[in-house]
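K.L.:
Using the hints, position chain X against chain Z.
Number of protein chains: 2
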Amino acid sequence: MATERLIYLPLGGAGEIGMNCYVYGYGAPGKERLIVVDLGVTFPDMDTTPGVDLIYPDITWLAERKDRIEAIFITHAHEDHVGAVGMTYGQLEAPIYARNFTAIHARRKMEEHGHDPAKVNVVAPWPEQVNVGPFTVGFLPISHSIPESSAMVIDTKEGRVIHTGDFKIDYAPGVGEAFDRDLWAEVAKDGVKALICDSTNVFNTHEGRSESSVGPEITRFIAEQKGMVAATTFASNVARVRTLAMAGVEAGRTVCLMGRSMKRMIDASQEAGVLPDFPPFIQPEQAGDIPRENLMLIVTGSQGERRAASAQLARGKFLGISMDEGDTFLFSSRTIPGNERGVIDIWNQLSERGVDVQDDDNGRYHVSGHANRPDLVVMHELTKPQMVIPMHGEHRHLREHAKLAESMGRTGVVAPNGTCVSLSGNKPETVEYVDTGRTYLDGSVKIGAMDGVVRDRIRMALNGHMIVSLLVDEDDAPLGEPWVDLKGLPETNEMGESVSDIVEHDLDQAVRRAGDNVLRDDKKLDELLRRAARNSANSVLGRKPEVTVVVSRLS
Amino acid sequence: MATERLIYLPLGGAGEIGMNCYVYGYGAPGKERLIVVDLGVTFPDMDTTPGVDLIYPDITWLAERKDRIEAIFITHAHEDHVGAVGMTYGQLEAPIYARNFTAIHARRKMEEHGHDPAKVNVVAPWPEQVNVGPFTVGFLPISHSIPESSAMVIDTKEGRVIHTGDFKIDYAPGVGEAFDRDLWAEVAKDGVKALICDSTNVFNTHEGRSESSVGPEITRFIAEQKGMVAATTFASNVARVRTLAMAGVEAGRTVCLMGRSMKRMIDASQEAGVLPDFPPFIQPEQAGDIPRENLMLIVTGSQGERRAASAQLARGKFLGISMDEGDTFLFSSRTIPGNERGVIDIWNQLSERGVDVQDDDNGRYHVSGHANRPDLVVMHELTKPQMVIPMHGEHRHLREHAKLAESMGRTGVVAPNGTCVSLSGNKPETVEYVDTGRTYLDGSVKIGAMDGVVRDRIRMALNGHMIVSLLVDEDDAPLGEPWVDLKGLPETNEMGESVSDIVEHDLDQAVRRAGDNVLRDDKKLDELLRRAARNSANSVLGRKPEVTVVVSRLS
Numbered sequence: 088m089a090t091e092r093l094i095y096l097p098l099g100g101a102g103e104i105g106m107n108c109y110v111y112g113y114g115a116p117g118k119e120r121l122i123v124v125d126l127g128v129t130f131p132d133m134d135t136t137p138g139v140d141l142i143y144p145d146i147t148w149l150a151e152r153k154d155r156i157e158a159i160f161i162t163h164a165h166e167d168h169v170g171a172v173g174m175t176y177g178q179l180e181a182p183i184y185a186r187n188f189t190a191i192h193a194r195r196k197m198e199e200h201g202h203d204p205a206k207v208n209v210v211a212p213w214p215e216q217v218n219v220g221p222f223t224v225g226f227l228p229i230s231h232s233i234p235e236s237s238a239m240v241i242d243t244k245e246g247r248v249i250h251t252g253d254f255k256i257d258y259a260p261g262v263g264e265a266f267d268r269d270l271w272a273e274v275a276k277d278g279v280k281a282l283i284c285d286s287t288n289v290f291n292t293h294e295g296r297s298e299s300s301v302g303p304e305i306t307r308f309i310a311e312q313k314g315m316v317a318a319t320t321f322a323s324n325v326a327r328v329r330t331l332a333m334a335g336v337e338a339g340r341t342v343c344l345m346g347r348s349m350k351r352m353i354d355a356s357q358e359a360g361v362l363p364d365f366p367p368f369i370q371p372e373q374a375g376d377i378p379r380e381n382l383m384l385i386v387t388g389s390q391g392e393r394r395a396a397s398a399q400l401a402r403g404k405f406l407g408i409s410m411d412e413g414d415t416f417l418f419s420s421r422t423i424p425g426n427e428r429g430v431i432d433i434w435n436q437l438s439e440r441g442v443d444v445q446d447d448d449n450g451r452y453h454v455s456g457h458a459n460r461p462d463l464v465v466m467h468e469l470t471k472p473q474m475v476i477p478m479h480g481e482h483r484h485l486r487e488h489a490k491l492a493e494s495m496g497r498t499g500v501v502a503p504n505g506t507c508v509s510l511s512g513n514k515p516e517t518v519e520y521v522d523t524g525r526t527y528l529d530g531s532v533k534i535g536a537m538d539g540v541v542r543d544r545i546r547m548a549l550n551g552h553m554i555v556s557l558l559v560d561e562d563d564a565p566l567g568e569p570w571v572d573l574k575g576l577p578e579t580n581e582m583g584e585s586v587s588d589i590v591e592h593d594l595d596q597a598v599r600r601a602g603d604n605v606l607r608d609d610k611k612l613d614e615l616l617r618r619a620a621r622n623s624a625n626s627v628l629g630r631k632p633e634v635t636v637v638v639s640r641l642s
Numbered sequence: 088m089a090t091e092r093l094i095y096l097p098l099g100g101a102g103e104i105g106m107n108c109y110v111y112g113y114g115a116p117g118k119e120r121l122i123v124v125d126l127g128v129t130f131p132d133m134d135t136t137p138g139v140d141l142i143y144p145d146i147t148w149l150a151e152r153k154d155r156i157e158a159i160f161i162t163h164a165h166e167d168h169v170g171a172v173g174m175t176y177g178q179l180e181a182p183i184y185a186r187n188f189t190a191i192h193a194r195r196k197m198e199e200h201g202h203d204p205a206k207v208n209v210v211a212p213w214p215e216q217v218n219v220g221p222f223t224v225g226f227l228p229i230s231h232s233i234p235e236s237s238a239m240v241i242d243t244k245e246g247r248v249i250h251t252g253d254f255k256i257d258y259a260p261g262v263g264e265a266f267d268r269d270l271w272a273e274v275a276k277d278g279v280k281a282l283i284c285d286s287t288n289v290f291n292t293h294e295g296r297s298e299s300s301v302g303p304e305i306t307r308f309i310a311e312q313k314g315m316v317a318a319t320t321f322a323s324n325v326a327r328v329r330t331l332a333m334a335g336v337e338a339g340r341t342v343c344l345m346g347r348s349m350k351r352m353i354d355a356s357q358e359a360g361v362l363p364d365f366p367p368f369i370q371p372e373q374a375g376d377i378p379r380e381n382l383m384l385i386v387t388g389s390q391g392e393r394r395a396a397s398a399q400l401a402r403g404k405f406l407g408i409s410m411d412e413g414d415t416f417l418f419s420s421r422t423i424p425g426n427e428r429g430v431i432d433i434w435n436q437l438s439e440r441g442v443d444v445q446d447d448d449n450g451r452y453h454v455s456g457h458a459n460r461p462d463l464v465v466m467h468e469l470t471k472p473q474m475v476i477p478m479h480g481e482h483r484h485l486r487e488h489a490k491l492a493e494s495m496g497r498t499g500v501v502a503p504n505g506t507c508v509s510l511s512g513n514k515p516e517t518v519e520y521v522d523t524g525r526t527y528l529d530g531s532v533k534i535g536a537m538d539g540v541v542r543d544r545i546r547m548a549l550n551g552h553m554i555v556s557l558l559v560d561e562d563d564a565p566l567g568e569p570w571v572d573l574k575g576l577p578e579t580n581e582m583g584e585s586v587s588d589i590v591e592h593d594l595d596q597a598v599r600r601a602g603d604n605v606l607r608d609d610k611k612l613d614e615l616l617r618r619a620a621r622n623s624a625n626s627v628l629g630r631k632p633e634v635t636v637v638v639s640r641l642s
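Chains Z and X supply the protein sequences, listed in that same order. So in the working numbering, the last spot in the first sequence is 642, and the numbers never skip. So in the working numbering, the last spot in the second sequence is 642, and the numbers never skip.
Next comes chain Z alone, as it looks inside the complex (with noise of 0.2 Å):
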């Protein structure tokens, strides 16, 4: 019987696809020393986070273990897997280890948060190993839509983990190293104890088509296009964007890239090097010399983002260029769930202007980046793993993979944020649940999910906001009357009337009414007016609006 153990323990990404964080363990139980994979964002909403910036996982689990952090592990350069280095730093202050594109990114990040960039280490793809305490990582390459996308090799006395990241099965992705079957056979020839592994595409039953596929398309219908055309991806989609640049020379066309975030990602491409055959580009202030016909558009904002390029275009001028009837604008990309009335809303706005939207046309001017479900099942055979664990992706898609492992007689283990699963044995074993959550960072403030105030922001946004002024004297005596500010409601009723009028008068008999126990006591008189507030809206408005009351004694 052993007296130590390996464990897995998602804090982000499953459950979910976005905030990527999982955390592996060995050692004696509770006293295990500890790597993580990842430390991902995810991005807010209206419906769910207004006014949030970033939210990134709870990772209080994490910190109070800080002592037995060894290492920080990042898969690859997407905000899901980067983008809360900088701000988690200071809570766990452990080395960091990435290949020299995630690094410049990682770097960034610390430095965005006042962190030193020194931390993070530079690691050379497989063979290449890091030894951090009882484990042993390696970076080995796999085939994503980003340069030097890795799947972690996590070797302990246990055995080896493969950790994927995110992969597809791509024979000849653009950008980053070619699946290597030969070189995945090898590493997983001596065992594989379990394989941790995408799951976002485990719905899509067709074979994943290689990012070589809709070069050719792409070049084919911008060279039917006869004014300008623009393209939106992803800026983080590196091999996509190579793509539509290359199919923009190819049909004749000066491509043009716009956007903050595509020109930062092309930067740190072309610094690490990992995109030498990137076709010459052209800055948006030499574009107006380019005939139109003649100018390739590559812009930010394929998701419907309200500050990005493409919505700028679609609303008017953007660095000095617009677009008019007989333009195209293609969206190379797929639309996230929950981005597609912002999506839409910018095809419409295009349509105002006469230009032509394209969208993916069903995968002709896009691929996913992600495995589908065959290329699951050649991931599965090809490192024959006693279990897989399934991971990027919502409960619906760790179901469905677990399902599938479980369907070709290997051990699916379905292990949801905070499912802290014991891979030591002949089978795994859930040994702890593990409160988990998400972060927000709110301005400069860092905020829980259940703190109460992006609750109470949504409560305003669908109730509206009435603030109940009173003044009380030194007897504690109401000073005249109470009176009420309205913010988010109506200033009139269906008959026209004050709602300001008619809630002051109501407050007022209530306060009339009210006993000096009450008058002299803040949180009873606090009640009476937040109460008589509420019902009379309800009655003049036909809706109970938040309230804050304020009371303000001379004393």
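One thing to keep in mind: the hints can contain errors.
Which copy is meant is left open, so a pair is good if it fits within one copy or across any two.
With a Cα cut of at most 20 Å, we get these calculated SDA-like pairs of lysine to any residue [claimed, not checked]: (1) 471 - 542; (2) 631 - 394; (3) 490 - 268; (4) 514 - 246; (5) 490 - 412; (6) 631 - 497.
Keep in mind the hints are simulated off the structure, nothing from the lab. In this text the structure is predicted, and so the values were computed from the model without any measurement.
P.N.:
Using the frame of chain Z, we list chain X on its own:
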């Protein structure tokens, strides 16, 4: 040269999918007699209309010409066509015409808003026609997804106009009349001046499939399931509710309808006698007696609505029924853009309960109620209109549909909301742009989209709300220090310091520095405190909140 003219003016539904409202006029310019086709609603969302209950077209233009309105015609009983009848009647007061099933819904809307349901007149289908002023109008049956859907055949001295309403070309629609090609050819044979035509699916290049094609697939699917089956679709998609119920019975299950709108729609259908073949079903309180493998629930909430049956089942028990491991949930529906996140959240909640979720599988378990592009071509060719005016679509749909018409040698007219088009003479001419917009039903109050109420709600949600209070004595001197209340803002900054304390200190400094001219002037004092509060908040929180200033003067 004619001194009278025929005009078309969309007030809602052209440039959006929802809140349909189209005006036709005939007469001397500026004195046209008017009819209205449809008065529908659209639904709010958190992004743009938090807290709003319903949205319908701003009918100010119509209300100002109330004496010229001859009648209101309702094509069918979907909410985006009939939903605003009750809310707007007080401003319009014109007789309403509809077929029997639609009239049942229209009368309920009238009653809900305190109007006389007898103002709704029932009209038999074509060849019956109604004479209203210079118009002769008939209800021409057309296949859609709800009983008695009809196109409007609108005759004036200028000839015949056909307003399709919502439609698909379905020869076996299950409910409502099958598409009658011969009848349509007959109606169109003497020439059609303009076809005002549904554009929803213009981008779908496949020939539309009949409602009758999904029944067998759904039956087979249900028969394969071992546990309880629940299926959801729009309650107002009466055709699908019937298809699901018949499939359930065919697969040997007892069918139970759940959700208020589901029950109301089926009740109305049975009252109108338009669902003679709807199979027997049980009430939720009887469902407990049926073994779960013999039960099929048909429930509301296909769009992820939080209070609908499907969301409640996903969260736990609903009316005593809960879904468990081994059960199956079928979404026999398409998710409307903007609703994806809510629907997916339900899928994941069901997954967490061990319930298998089946989506429409690219149309295997769902067909649209609207005509695809090839079916639009059929409609154009069948009616051979001089001009096609696309409606019921976002701008991109209208534009694409007009292009389609042009490509077939007809005149295509893009006329979004507010575009008043004269159909007189040989070609359409835009004669006026009319201000249009949206009205919100908000609690019991109607507010304009531009009133600023919703804008303030959105700002509070995005920025938080700070209330600044100050007492000023009879001599315009501050009485004590200013203080702040926070709502939707963090209480402490990154250092753990109290945000209120810091802002109050800064406000106190500002007040101390203020001159008498500021302290005695409400407006200047408000401005001073607001600016100081925003700047102080920005330095301590990294964001500028909404600020309400409450100055109390002892005077």
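K.L.:
Hints first: check each against the structure and report whether it holds.
P.N.:
Now for the hints, and whether the structure bears them out:
1. Taking identical chains as interchangeable, the C-alpha atoms of residue 471 and residue 542 are never at most 20 Å apart, the minima being 46 Å within one chain and 56 Å between chains.
2. When the C-alpha separation of residue 631 and residue 394 is checked against a cutoff of 20 Å, the pair qualifies only between copies, where the shortest distance is 19 Å, while the shortest distance within a copy is 34 Å.
3. Taking the closest pair of Cα atoms, residue 490 and residue 268 never come within 20 Å of each other, the shortest separation being 24 Å inside a single copy and 49 Å across copies.
4. Taking the closest pair of Cα atoms, residue 514 and residue 246 come within 20 Å of each other only inside a single copy of the chain (14 Å); across copies the shortest separation is 79 Å, beyond that limit.
5. In this homomeric assembly, residue 490 and residue 412 come within 20 Å of each other (Cα to Cα) only across copies, at 13 Å, whereas the closest approach inside a single copy is 51 Å.
6. Proximity of residue 631 and residue 497 under a CA criterion of 20 Å is satisfied in neither setting, with 55 Å inside one chain copy and 54 Å between copies.
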